[in-house]
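Student: Now for the letters of each chain:
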Amino acid sequence: DAGITQSPRYKITETGRQVTLMCHQTWSHSYMFWYRQDLGHGLRLIYYSAAADITDKGEVPDGYVVSRSKTENFPLTLESATRSQTSVYFCATQQGTDTQYFGPGTRLTVL
Amino acid sequence: EDKVVQSPLSLVVHEGDTVTLNCSYEVTNFRSLLWYKQEKKAPTFLFMLTSSGIEKKSGRLSSILDKKELFSILNITATQTGDSAIYLCAVRNNNDMRFGAGTRLTVKP
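Chains as they are written, first to last, in this note's numbering: chain A, 13 to 123; chain B, 3 to 111.
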């Protein structure tokens with residue numbers, strides 16, 4: 013039972029390129045979240061989704077796009093990566109309670 | 003603006019010591035406060051608190067919430083080197099969750 017997985021785990025890209033980070037869950041939890049974690053800022057919410065085809069902006073959405081055509085997948089796309097988007101990205105799910113369960117994270121470096 | 007503030011930002015103790023980590027918040031439409039432990043990977047859930055004055059306990063860890071004064075504390079007794087981690091506090095309001103910057107705890111042998 014994988015629970016929640018993220019891919020890739022590590023990614024190096026160049027400024028201006030499009031990058032998609034994948035998040036997949038096997039629990040069928042309604043809510044899914046994308047966070048970025050940076051030194052000095054802690055975890056910040058980028059986007060979240062309450063259900064398939066329902067997404068909403070979080071604290072730092074600029075430069076990111078999400079979609080949720082299926083309950084189990086919540087990809088995060090950087091349409092034109094910038095160096096300031098170098099970060100560790102965590103996906104999380106939630107169902108029925110306020111507890112969130114985090115994926116293992118993706119470390120993204122934008123050169 | 004909603005905010006979650008943790009203190010101290012960093013703490014170094016020796017094995018066997020007791021530590022108290024603090025989390026204060028200003029959040030509209032508060033629903034719950036959560037504590038997480040993060041080592042060199044994703045955060046793992048510790049406690050969820052929704053009511054004032056009710057202590058949650060798990061082994062050597064305990065936590066309590068004060069909704070009047072808008073803060074929570076996380077206590078760790080008889081600390082061990084395995085307790086070394088970043089402890090994150092997060093506050094839920096409706097569909098959003100706001101995290102504090104975390105407290106980095108280092109437990110020395």
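Derived by calculation from the structure, the hints in this document are not laboratory data.
A virtual CB, placed ideally from N, CA and C, is assigned to each residue, including glycine.
Some hints here could point you the wrong way.
Claimed, not checked - FRET-style restraints, in silico, Cβ to Cβ:
no., chain 1, residue 1, chain 2, residue 2, range
1, A, D65, B, S9, 34 to 42 Å
2, A, T89, B, I56, 25 to 33 Å
3, B, L11, A, S96, 16 to 24 Å
4, B, S12, A, Y22, 36 to 44 Å
5, B, P111, A, E84, 24 to 32 Å
6, B, R106, A, V77, 30 to 38 Å
7, A, L51, B, T30, 24 to 32 Å
8, B, K70, A, R29, 47 to 55 Å
9, A, M34, B, T46, 19 to 27 Å
10, B, P111, A, M34, 21 to 29 Å
11, A, A63, B, T108, 21 to 29 Å
Unchecked claim - Below are the SDA-like pairs computed for lysine to any residue, each with C-alpha atoms no more than 20 Å apart in a straight line:
no., chain 1, residue 1, chain 2, residue 2
12, B, K110, B, L72
13, B, K110, A, E71
14, B, K42, A, T38
15, B, K110, B, K5
16, B, K42, A, S19
17, B, K43, A, I24
18, A, K23, A, K69
19, B, K42, A, K69
20, B, K43, A, K69
21, B, K39, B, G18
22, B, K39, A, T111
23, B, K43, A, R29
24, A, K69, A, R56
25, B, K39, A, T67
26, B, K39, A, R56
27, B, K5, A, H53
28, B, K43, A, Y76
29, B, K59, B, K43
30, B, K59, A, T111
Claimed, not checked - Computed, partial: chain A to chain B, Cβ under 10 Å:
no., residue
31, D65
32, Y76
33, V77
34, S79
35, L123
Student: Looking only at beta-carbon atoms, does the pair B:P111, A:M34 fall within the given range of 21 to 29 Å?
Tutor: 40 Å, violated
Student: Please check whether B:K70 and A:R29 have a Cβ separation lying inside 47 to 55 Å.
Tutor: Taking Cβ atoms as reference, B:K70 and A:R29 lie about 50 Å apart, which means the hint holds.
Student: Is the shortest C-beta separation between A:Y76 and chain B less than 10 Å?
Tutor: Result: violated, 16 Å to nearest chain B Cβ.
Student: With respect to the beta-carbon atoms only, verify the hint that A:T89 and B:I56 lie 25 to 33 Å apart.
Tutor: 42 Å, violated
Student: Is B:K43 within 20 Å of A:I24, Cα to Cα?
Tutor: The hint holds at about 19 Å.
Student: Taking the beta carbons of A:D65 and B:S9, is their distance inside 34 to 42 Å?
Tutor: 41 Å, holds
Student: Next pair to validate is B:K39 with A:T111; report whether the Cα-Cα distance is within 20 Å.
Tutor: Cα-Cα ~13 Å, so holds.
Student: Between B:K43 and A:Y76, is the straight-line Cα distance small enough, at 20 Å or below?
Tutor: Violated: B:K43 and A:Y76 sit about 23 Å apart, past 20 Å.
Student: Is B:K5 within 20 Å of A:H53, Cα to Cα?
Tutor: Holds, at about 12 Å.
Student: Run the distance test for A:K23 versus A:K69: straight-line Cα separation, threshold 20 Å.
Tutor: Measuring from Cα to Cα gives roughly 24 Å; hence the hint is violated.
Student: Would you mind confirming whether the straight-line C-alpha gap from B:K42 to A:T38 stays at or under 20 Å?
Tutor: 24 Å, violated
Student: Verify the proposed pairing of B:K39 with A:R56, using a straight-line Cα cut of 20 Å.
Tutor: Roughly 16 Å between the alpha carbons, so the hint for B:K39 and A:R56 holds.
The structure fails to meet hints 2, 4, 5, 10, 11, 12, 13, 14, 15, 18, 19, 20, 23, 25, 28, 29, 31, 32, 33, 34 and 35 from the earlier list, while all remaining hints are met.
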